[in-house]
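**Q** Please put together the full structure from these sequences, using the hints given.
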Amino acid sequence: MKKVIICLLVVMVASQYGCKKFLDLTPIDKLTGNNYFQSANDVEAFINDQYGRLYEKYVQTNTAGGTGEMRSGEVIPSSNSQTVGYWGGEFIDAALVGGHTRQVANSGLDVGPQSIANTAVDDYLLFTAATNGANYNGLSMRYQFYHLTQWGEYYQVIQSINILISKLQEGIPSLTSDQTKAYLAEAKFIRCYSYFFMVRLYGDVVYYTAAYQKDPLPRTNMVTVVNNCIADLEPSKNDLPVAINDPIKRGVRASRGAIIGLLMNMYMWNAGFDPANATKDYTKTAALGAELRNSGAFELLPIAEWNTVTKGRSTESLFEFFSTVNYNNTSPVFQFAPNGVSFIHFPYKLPEYNSRASFCVFTTQYMQKLYPDPIDKRVSIWFESAYNQNAETFQFLKFAGNTNLDVTNDPNNQSNPDNTYLIMRYADALLLEAEAQYDLGNETAAAVPLNLVRIRAGAQPWGGVGQGSDAGYANMGDAIFYERAKELIGEGTHYFDLVRTKRILSKKFTDNPLTRDKFDRGAWTWPIDPAVLSKNNPYMTLNQYWTSGRGL
Amino acid sequence: MRKQIIWPSIFFCVLFLCQNLMAQVKKITVKGIILDAATKEPLTGATIGTPGKGLTQADVDGKYSVIVDDGATLVFTNVGYVSQTVKLRPGQVALNINLTASANEINGVVVRGYVKRNRDEQTGSSYIITGKEVQDNPVGNVEQLLQGKVAGLNIQNNTGAPGMRGSVNIRGLSTISITGTGDNAYLQPTSPLYIIDGIPLTADQASQYGFDQQGSGVSPLSLIPQEDIASMEILKDATATALYGSRGAYGVILITTVRGKSKIPRVMYTANFYVSAVPKLRSLYGGTNERNFKINQIQTYGINNDKYLLSNTPALSDSLNAYYNNSTDWQGIYYSDKFNTTHNVEMDGGDEKFNYKANLKYFSQSGLIANTGFENYSLDMNMQFKPSPKLSFFGSIRSSLGKVQSGSGTGVLQTIVNNSASKSSLLPGPSFLLATSDVLSSLDIRNNAGPKEIDANINASYELLKGLVLGTTTNYTYRTDNTDSFLPAAANGQTTLMNNDYSYYSELYNRNNISYTRPIGNHNLFFSLFNEIYIKNNQENYTRIYGSPNDTYEGPYGYNGALSTGGGVLNNFLNLRTASFAGAFTYDYKKKYVVDFTYRVDGSSVNGQNNLYTKNPSVGFKWNLTNEDWISNRTKGWLDQADLRLTAGQNIYPVGELQDIYGKYNSNGFYDNQSRVSVDFDEIPNPNLKSKSVIQYNLGFDVSLFHEAVNVTFDTYYKKVDNELFKIYLDNTLGFNYYNSNGVALSDYGYELTLTLHPLSKTSKLRWDINLNGALNYDVLLKLPSQYNGQTYSDQDVSSPELTKQYVVYRVGRNSLSNWLFINQGVYASTANVPVDPVTGLRLRSVISGTNNGTSLNPLYSYQGGDAILQDANHDYVIDARDRQVSGNSQPLLTGGFSNTLGYKAFSLNIYCSYTAVRSVINASLAQRLLLLSDPFGSNSVPTASDLRIWKGTGDATAKFANVYDYAHEQYMSNFRASQTLFQENGSYFKINQITLSYNVPKNFTKRIGLNSVRTYFSASNVAIFTPYSGPNVENVNALGKDVDGAYPNPRTYTLGFNVQF
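First to last, the sequence lines map onto chains A and B. Using numbering that gives the first Met the number 0, you'd call the opening residue of the first sequence number 0 and step up by one each time. Using numbering that gives the first Met the number 0, you'd call the opening residue of the second sequence number 0 and step up by one each time.
Since the hints were made in silico from the structure, they are not lab data. Some hints here could point you the wrong way.
Derived Cβ-Cβ restraints for the label pairs, each shown as a range [said to hold, decoys possible]: (1) A/Y326 x B/N574: 34 to 40 Å; (2) A/N220 x B/N985: 54 to 60 Å; (3) B/K306 x A/N412: 52 to 58 Å; (4) B/D875 x A/T514: 36 to 42 Å; (5) B/N985 x A/Y135: 54 to 60 Å.
Heads up, simulated DSSO-like pairs for lysine-lysine below, C-alpha to C-alpha not over 27 Å straight-line [unchecked claim]: (6) B/K1006 x B/K764; (7) B/K589 x A/K20; (8) B/K1006 x A/K166; (9) B/K726 x A/K20; (10) B/K591 x A/K29; (11) B/K782 x A/K213; (12) A/K20 x B/K689; (13) B/K589 x B/K535; (14) A/K29 x B/K689; (15) A/K310 x A/K248; (16) A/K376 x A/K507; (17) B/K689 x A/K213; (18) B/K535 x A/K29; (19) A/K166 x B/K764.
Each residue gets a CB set at the ideal place from its N, CA and C atoms; glycine is no exception.
**A** Written as structure tokens, this is what we have:
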């Protein structure tokens, strides 16, 4: 009897092991987490999705305009009636986001009588531009800047990446340790990019790196967030190749170059907000810049070949959101998301009968300030009637080079010129290095990367303060600042540069300046969609400046 | 094999021989007849024996003949009856016995954890219902007839839809999970597990999509013929259900079907002829009365250009227009009395060694609503084969075919019918060209739906050594369910519509057990071990095609295939495996003290590999008082039996799916021309998700007094439901929408009492049996996720308007499901009575979010005389969602029933009632009815309202209802929102479920016409409801206590039935 019972028990215990297999099922109707992350393909598709999400977020609105010259007040919408019927009205939010209400009046006028409003500069106008469904004197908000007040999509990416990182750390079968390390570095790049972009938009943000984070958290000081990101990213930097040779992924997927570019941006951001550690940050930036330059993996293409840069996947791109008309994007891109579209008209934009004027122009003053020297090839290649703020003549062609719109085939074709969304370029990193070297007091070292950019553009190399085309700049720092503005015009970095260098406080550098008080209360941030308060997070706060109302 | 038969036979023969040699006592032959005490029917197959030994069985007439010692003690037993022990007087050779059927049988054999055990060794709480109690009243679903029969089993027959199920709860609430919104909100069903002849059955299948489900919606339980049920046992506490595993967490109901037990094959034929009668419908104005009412209303209360619009509304202004000159009784078109029949033939025969049974059934029930009904054909067979005392086989096949028509509704809800039944009587009646598409769709939809099920089962057991039994059971169930509906073009905007839904469900079940019984002196030991495995698959496919060639052809594709929306596998796809191991150990000492331990380990494919197994222990203790000599000696003569039970145990119910634990991954298009796969951002995976646990403590006693004239069973219990799945909506910095937490706990505690009385002596010609039961159950919400600070409400979807919705509010410390209502304090007698905001100078305003957004200062939103006084709880002079208060309890506190059987000679009268008390019901139907009075331009009928105390005019301070006639003002005020205390009523009721009068035709008469027995009966069911509730039917409300307009009414039925045995 005992034997029988013992035998039975043994059988039962043994069957437990069989059971585990018996109970492990793969559902056919859905892919559940226990069946995912089994191969490199799974990781690849998942990580690709994160780029896709960031891209989709970026193209919800004219992100580059909202974080660039529109925000700094250098862009004026055209009130040209020709734009009205076709697109449904003028782009008043291009002005409001920059704190003004100027418009260039009807066509035919060179330096049109900008109606400088009695209210003059009022940075609180941005609040209207960033409100969904708002209107200003009956004009609706065309650019949908309210998307910039919503951060939910970034957190979806962050949650995804946190899950991916925890899976990679647990170990994914069939990945080699090098592959795992490379994917970890790439994942961290995406996470840090998301946090850094949010920091630049909102200041303090909620920061976490735990997978499956479900408990609400308060916002973390932004310097800490950036420092955390640096600490997260720095050790993984060398796990990726310096640049990607695969022409499909070059500049599109993270490489060591992209990480270095992001790190340099983060160091320079913190240098502006954490003066106590600024020198350390400058040193780091300069070193990273030199590393990037010495690697030789990236290059500045001849200015005549500029259009291959905006086409995407160029050797000049550190990181970009790739887009092309040749691929069928599953999610439609907001039609005014490309910043360049706002500044072009026929023949770069069809149909002719409705596209005789640009939606917006850069002010003449700004263009003159930016490009005092017309021999700079950027003026002639990137612009048409550069100094003429007439919506019918002015065009900004930096992103319009890849278009084959053909009137004879389809005169009503409304599509935009083909271009990719440049996030970080080699030139960006070079100029950051120059800036860091200058801030460390090494003007000679600063001149090396600065001149690389200038020479490519056919501009005069740096010759010292007050020399040649640099005559208007008080010091080399201003020259580097303006060089960034020139080189990166329309790429959505200008406002961030103003903020981190505090040049935003001076009317000399921007048409939409802030007082020190406004700056300290967070006027440089974007308002945060108050929907975040109604959800279950008792720690959540909005940005003070945008909640306490205008004035004191 | 032969040896196995021969050797024991020889052994027993020798034994008998020896006895005869040893005891030189005179042998006599005792003869007699065994009858049912109540019905005087012969008890075929009753066992006659001496204590501890069965000798023979009664034949088909209940007659027996047995050779025993003179003056021996005879024991008469039959399953489902109280056994009797009679000591023969010396020389007595004739003995007639009446056995009393007793649901409250304390002695006898019960099945626990799939093993037959003596009942007095059981520590758990359970209750047996015999098959007789669920006959004589044809129903689509036998569950209905359990209402009020078992203390603690709360059944609400809240739908009259043929073939559909009501709600069933054992011992109160087990969940607070609500799905759907508005009228479609429903409480997740927590039905008990049904075990039919040892095979588990899932009764909830049809409810997975709530009311709006695809498929026919017929419960598998509806496919079981009521005539085939021999007995049902309801297991309530944790120890009783322990061995049924995770699915036993909500209680277990064991169903045993009829077995062959007559040596002479028998044929039983049962026929029922019954009429379902429409309950009272809404009283409406017809024709001219309706027109005059509406015109008068517009003349009195119209604002703006309403009076001008009146002349542009031909239905009202053009009384001579033939099209509008009608008085159509729309309700009469849809609702009508129906006549139905059911037929059942049962054949059985055999003896202990081999017996068989076949049951053939036809059931049909046409619904009260046109184009609805349920038909069921079934053939159930089983056979039992015991070639030797050690070996036994049992096999059965159940097959059935259901056919359901649900008209244009979804079975439980008939919204379209409801809407069109309240159409204006001025409109012409249904004809192809004139009626609205609603009408046509309800009447002309062609439906072909229903489940088809086949279920095969085989069971074998072998006694390896004495006391050691090995057993195995395998069962395979396959069920397909399809719905084909065709909506003609005229009824669907000139495009025909075909819906095809097909689903299959299969279940393979295997159980192997080993049990061992060993008495050691006065100590009895029992061990049982078993493992069981399920493989379940479910798949549902759905296709919708528009535009067939014409209304006569239902296909193939019409001229435009692009109209078809296609279809595919629905998301209730299931591929589930479970594997369980369980052990039970029972020890008793002289049957005085019984201790039970059980332990069960369940593994499930939905649990995830990290947390594969859940463990459920239970322990029970029983003290059989009357087995103590010192007690039985002192209580002789009045106390027959008494015991005390104490149990505790835990059951775990797996909640959630793999995707709740691991997340779901979706394909997400392309970026950079490479494929993307993302995690699904609706739900954040919760790797720590736990199973729901149900912990139950039970204390009970059973007492039987005065020769079983009084039987009392009392139980008190505490049940804690912990780790209930609850969605927590997340802050958007977390990326995901919600996460499934285990943060909810609730408890039920209460008392159950069952009294069975036989007040007249056993020799009395008049028989009288009374069964009374009641259960008092309180539920308390113990815990919510900490984020909610102790209170939250259902339905956090903010898109639908807040005012009209009925929220269920969860507040810790209160009953689990309360309503969140506006407090109604009467009606403003005049405008001067309306409070005025001292800051703005505006009268109290109503704010309907979504319309005026709380900011409008439009005076039209201000209250005036004749409006409802809603309490401005926060004193901001605005009535909005923040003024809602917690109120009421939708779950009943007290449920029970009462059954009374009187018999005299061949007549028997049974009256059976049930009651439900102390609960709140939202009379949304009344709110809806009142709103019909407030829409003169609409195309709806006007109900009469003379019975309602509506505000009469300035100064009327005692009115109950606001001035509903002032339609122009009402649109701003929403005075008749259902979510106010005005419509929350007492939902108690006492219901006469059934009155049955039956008559056994005398034997000598039946013999003459060649029949064995004939029984005829007349029964009325759903006879009357006594309730303070003002709505149409207090029972016809959903599980959340909302009287939803459009629910299917419960019919009253009158049945004439015959029961013939050949």
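**Q** Are the hints correct? Go through all of them and say.
**A** Quick rundown of the hints versus the structure:
For A/Y326 paired with B/N574, a C-beta distance near 36 Å keeps the hint of 34 to 40 Å intact. Distance hint check for A/N220 and B/N985: the Cβ-Cβ separation is about 58 Å, which falls inside the suggested range of 54 to 60 Å. Taking 52 to 58 Å as the suggested C-beta distance range, the pair B/K306 and A/N412 conforms, at roughly 56 Å. A hinted range of 36 to 42 Å for the beta carbons of B/D875 and A/T514 is consistent with their spacing of about 38 Å.
The hint said 54 to 60 Å for the Cβ distance between B/N985 and A/Y135, and at roughly 57 Å that hint holds. With a C-alpha separation of about 24 Å, the suggested pairing of B/K1006 with B/K764 holds against the 27 Å cut-off. At roughly 45 Å between alpha-carbon atoms, B/K589 and A/K20 are farther apart than 27 Å, so this suggested pair is violated. Using a Cα cut-off of 27 Å, the hinted pair B/K1006 and A/K166 is violated, with the two alpha carbons roughly 81 Å apart.
For the hint linking B/K726 to A/K20, the alpha-carbon distance of about 31 Å lies beyond 27 Å, and the restraint is violated. Proximity of B/K591 to A/K29 is assessed by CA-CA distance (about 56 Å); at most 27 Å being required, the pair is judged violated. Taking the CA atoms of B/K782 and A/K213, the gap is about 19 Å. The hint holds against a cut of 27 Å. Distance check on the hinted pair: A/K20 and B/K689 sit about 21 Å apart at the alpha-carbon level, within 27 Å; holds.
This hinted pair does not check out: B/K589 and B/K535 have alpha carbons roughly 43 Å apart, beyond 27 Å. Proposed proximity of A/K29 and B/K689 is supported: the alpha carbons are some 22 Å apart, at most 27 Å. Only pairs whose Cα atoms come within 27 Å are accepted, and A/K310 paired with A/K248 is accepted, the gap being roughly 13 Å. At most 27 Å may separate the alpha-carbon atoms for a hinted pair to count; A/K376 and A/K507 meet this at roughly 25 Å.
About 16 Å separates the Cα atoms of B/K689 and A/K213, which keeps this hinted pair within 27 Å; it holds. Pair hint B/K535 plus A/K29 holds up; C-alpha atoms about 17 Å apart against a cutoff of 27 Å. Only pairs whose Cα atoms come within 27 Å are accepted, and A/K166 paired with B/K764 is rejected, the gap being roughly 80 Å.
Comparing the model with each earlier hint shows violations of hints 7, 8, 9, 10, 13, 19; every other hint is respected.
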